[in-house]
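Guided by the hints, dock chain B onto chain A, whose structure is given.
Number of protein chains: 2
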Amino acid sequence: MKKNVLIIGAGGVAQVVAHKCAQNNDVLGDIHIASRTKAKCDAIIESVLEKKAMKQDGVLLAHQLDALDIASTVALIKQTGIEIVINVGTAFLNMSVLEACLETGAAYIDTAIHEEPDKICETPPWYANYEWKRKDRCAEKGVTAVLGAGFDPGVVNAYARLAKDDYVDDITDIDIVDINAGNHGKYFATNFDPEINFREFTGTVYAWQNNEWTENKMFEIGHEFDLPVVGKQQAYMSGHDEIHSLSKNMGSPNVRFWMGFGERYINVFTVLKNLGLLSEQPVTTAEGQEVVPLKVVKAVLPDPSSLAPNYTGKTCIGDFVKGMKDGKPAEVFIYNVSDHKEAYNEVGSQGISFTAGVPPVAAAMLVASGEWDVKTMANVEELPPKPFLHILNHIGLPTRIRDENGDRALDFSKSV
Amino acid sequence: MKKNVLIIGAGGVAQVVAHKCAQNNDVLGDIHIASRTKAKCDAIIESVLEKKAMKQDGVLLAHQLDALDIASTVALIKQTGIEIVINVGTAFLNMSVLEACLETGAAYIDTAIHEEPDKICETPPWYANYEWKRKDRCAEKGVTAVLGAGFDPGVVNAYARLAKDDYVDDITDIDIVDINAGNHGKYFATNFDPEINFREFTGTVYAWQNNEWTENKMFEIGHEFDLPVVGKQQAYMSGHDEIHSLSKNMGSPNVRFWMGFGERYINVFTVLKNLGLLSEQPVTTAEGQEVVPLKVVKAVLPDPSSLAPNYTGKTCIGDFVKGMKDGKPAEVFIYNVSDHKEAYNEVGSQGISFTAGVPPVAAAMLVASGEWDVKTMANVEELPPKPFLHILNHIGLPTRIRDENGDRALDFSKSV
Numbered sequence: 001m002k003k004n005v006l007i008i009g010a011g012g013v014a015q016v017v018a019h020k021c022a023q024n025n026d027v028l029g030d031i032h033i034a035s036r037t038k039a040k041c042d043a044i045i046e047s048v049l050e051k052k053a054m055k056q057d058g059v060l061l062a063h064q065l066d067a068l069d070i071a072s073t074v075a076l077i078k079q080t081g082i083e084i085v086i087n088v089g090t091a092f093l094n095m096s097v098l099e100a101c102l103e104t105g106a107a108y109i110d111t112a113i114h115e116e117p118d119k120i121c122e123t124p125p126w127y128a129n130y131e132w133k134r135k136d137r138c139a140e141k142g143v144t145a146v147l148g149a150g151f152d153p154g155v156v157n158a159y160a161r162l163a164k165d166d167y168v169d170d171i172t173d174i175d176i177v178d179i180n181a182g183n184h185g186k187y188f189a190t191n192f193d194p195e196i197n198f199r200e201f202t203g204t205v206y207a208w209q210n211n212e213w214t215e216n217k218m219f220e221i222g223h224e225f226d227l228p229v230v231g232k233q234q235a236y237m238s239g240h241d242e243i244h245s246l247s248k249n250m251g252s253p254n255v256r257f258w259m260g261f262g263e264r265y266i267n268v269f270t271v272l273k274n275l276g277l278l279s280e281q282p283v284t285t286a287e288g289q290e291v292v293p294l295k296v297v298k299a300v301l302p303d304p305s306s307l308a309p310n311y312t313g314k315t316c317i318g319d320f321v322k323g324m325k326d327g328k329p330a331e332v333f334i335y336n337v338s339d340h341k342e343a344y345n346e347v348g349s350q351g352i353s354f355t356a357g358v359p360p361v362a363a364a365m366l367v368a369s370g371e372w373d374v375k376t377m378a379n380v381e382e383l384p385p386k387p388f389l390h391i392l393n394h395i396g397l398p399t400r401i402r403d404e405n406g407d408r409a410l411d412f413s414k415s416v
Numbered sequence: 001m002k003k004n005v006l007i008i009g010a011g012g013v014a015q016v017v018a019h020k021c022a023q024n025n026d027v028l029g030d031i032h033i034a035s036r037t038k039a040k041c042d043a044i045i046e047s048v049l050e051k052k053a054m055k056q057d058g059v060l061l062a063h064q065l066d067a068l069d070i071a072s073t074v075a076l077i078k079q080t081g082i083e084i085v086i087n088v089g090t091a092f093l094n095m096s097v098l099e100a101c102l103e104t105g106a107a108y109i110d111t112a113i114h115e116e117p118d119k120i121c122e123t124p125p126w127y128a129n130y131e132w133k134r135k136d137r138c139a140e141k142g143v144t145a146v147l148g149a150g151f152d153p154g155v156v157n158a159y160a161r162l163a164k165d166d167y168v169d170d171i172t173d174i175d176i177v178d179i180n181a182g183n184h185g186k187y188f189a190t191n192f193d194p195e196i197n198f199r200e201f202t203g204t205v206y207a208w209q210n211n212e213w214t215e216n217k218m219f220e221i222g223h224e225f226d227l228p229v230v231g232k233q234q235a236y237m238s239g240h241d242e243i244h245s246l247s248k249n250m251g252s253p254n255v256r257f258w259m260g261f262g263e264r265y266i267n268v269f270t271v272l273k274n275l276g277l278l279s280e281q282p283v284t285t286a287e288g289q290e291v292v293p294l295k296v297v298k299a300v301l302p303d304p305s306s307l308a309p310n311y312t313g314k315t316c317i318g319d320f321v322k323g324m325k326d327g328k329p330a331e332v333f334i335y336n337v338s339d340h341k342e343a344y345n346e347v348g349s350q351g352i353s354f355t356a357g358v359p360p361v362a363a364a365m366l367v368a369s370g371e372w373d374v375k376t377m378a379n380v381e382e383l384p385p386k387p388f389l390h391i392l393n394h395i396g397l398p399t400r401i402r403d404e405n406g407d408r409a410l411d412f413s414k415s416v
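The listed protein sequences derive, respectively, from chains A and B. Mapping to my numbering: the first sequence position 276 is 276, numbers consecutive. Mapping to my numbering: the second sequence position 321 is 321, numbers consecutive.
Derived by calculation from the structure, the hints in this document are not laboratory data. Be a bit skeptical, because a hint or two may be false.
As the list makes no split between identical chains, a pair holds if one copy fits it or if it spans any two.
With a straight-line Cα cutoff of 30 Å, these simulated DSSO-like cross-link-like pairs (lysine-lysine) come out [to be verified]:
| no. | residue 1 | residue 2 |
| --- | --- | --- |
| 1 | 375 | 2 |
| 2 | 273 | 186 |
| 3 | 314 | 386 |
| 4 | 38 | 55 |
| 5 | 273 | 119 |
| 6 | 186 | 295 |
| 7 | 341 | 232 |
| 8 | 232 | 217 |
| 9 | 119 | 295 |
| 10 | 186 | 217 |
| 11 | 386 | 2 |
| 12 | 40 | 55 |
| 13 | 273 | 217 |
| 14 | 273 | 295 |
| 15 | 248 | 133 |
| 16 | 386 | 141 |
| 17 | 186 | 232 |
Next up, chain A with everything else stripped away, as it sits in the complex (with noise of 0.2 Å):
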């Protein structure tokens, strides 16, 4: 059944959205985008349309839309139809966004985990300061809310799923890995909103290590992945969404992530932050302005969705996942590898906006279908992960299997 769709932002990440829903609009209905700058809403569209994306006729919409503002939120979703909300937003947005869907009842699905602008790696598990309280109202109002459903945390979560269901028995480590072995040819830029990419590393790296949360800093522990592919990576160990509701439903003793890091990144990176360039809290200029450093870095650097088009190489992303399986020792390496110059020639985004934009849409399809329209809130890992690896599979973000038996693409040729 075909269910209108409003994607709320309109960064590198929506533009994806917006370019893999207008590609299953068959599917999906109506495709609304809404965000506080229309102009960037429009540009998006108009990206669709030079590509031919639509894959039928159908509604294809730009709306001025200030997305904390729940009550606007509520009227678009009732005005345009909506049934199910993308928020590909900034993370500050995601409490108001999902509040007016409780309202409306349309399904919601994000990407990332809330955030409040002015706290920065508040007490885990991180999903129970702000999601998690609101599951018991999702299931009284049958709504469905799927959580984390980018790439990591989303797919790396249905990777984990996967490998419990059918690899490993008695998980003891699932560890999560996020290379990008791609070139975007500039000094320094982040692949995604500064603000978000650098809050993630400013605070303690928080792990679930023997069956409890474990504390260190940024760049305190790394680790040198052999990767299919992008071969030999250092990474290291950070703290991310998706360790946070693995650790409560996995049950397995360790849940790790690791991020591989470029020296120039770790050294700007060590700069910004010893000279407190990355603070969230406002301060005062000898002239009386007072100025949020963060804001300051974000405006000086490259703009994430500018680096697409001289974006080179390949991101590879996966969980190794440990345990026994018939009484022997087993491992699994469940992963994905994308290009950046594919993702720009097909939806005009780089890889990392790509890896993050299609899952989210592969969700929404299954919310569609009826497979995850649950009627209340869920992590992906609490939903069928063969389905959503299905769909994925034919939409643009292939899943590989590496363990004992050898690599190779995951066959969906028998069970599904």
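Just chain B now, with coordinates in the frame of chain A:
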């Protein structure tokens, strides 16, 4: 003859100037300190009184003043009977303060070249852009204006002149070297106003070589100098005020300035510059706030005056002067070594502020005595160097000489 002094500015250098004026108030008379923030002047006065620095009973008063407002400065000069203004406020004030001196007849002394907030690295020679345009008016009105009377520019200009007078004929090379081998114990800090500090290095590095201006980038040309006390030190060719007057006044085909930098400084500077965070041009944040990045960097860095209590180690600043003497190649290094801790113990400031703040007081004493009261505008190398260096020998900045005859104190016992 005693002459009343007005100190403009209330930073680390102003603190040194106030202490040294107080220690010599038998020559200088009343002491007034004025700044935009009167509380900072009050704190300096408190420090002077605490150290019992006043040589004899006398006036020591604080004033609130916006020195960009010429009429206000004129009024303060008239009201307090000021005959000498020592301007150690921000370099943006210089021409406004000089205009107030031209209007009142008070002598003017500064320590740095005038700057306009929105311009960096104007065409050389820099003094011709603002200061020297007012030279004729100084002469007409009989107003003494001593430009650049800190250490560098200032004492190093007197060293160049001393070299020419006594040590080297037919000068071919003047290489000024400024090494701070001190340690403030912070991750990163500038030793004086970060805004002025960074502006020195963000533009083109102008040097005077083979009788013409050459252009390089910062940190492009480095050289290791083997110096007294501080040993081997890496320094980089930098643009600096004194090159601009010495190139005109000394007849040397080569005038270069070399500043010592540690790896940490270079890395932080490089990161900030490449990101655009040292820009004096405003950027607009996503929220629509207009901000000058450099002012935000200044706001997050340690206040230079806060470094003093824990500063250890020494500075070495001097001139390598090469040429011929009596038909043979000759070379001399004229220099001073200062100690951060000793400076702090005496005047409550670190060594960089000390070396910058003591010389303008010596200049003021020479204006008061008449020896430098030249009734026109002059750069330091145009004035007799020996009385200046003689006073400095007695008030904290002794001069030393190193040449083929060894390393020794400058001896004034024969001729001053």
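Hints the structure violates: just list their numbers, smallest first.
-> none
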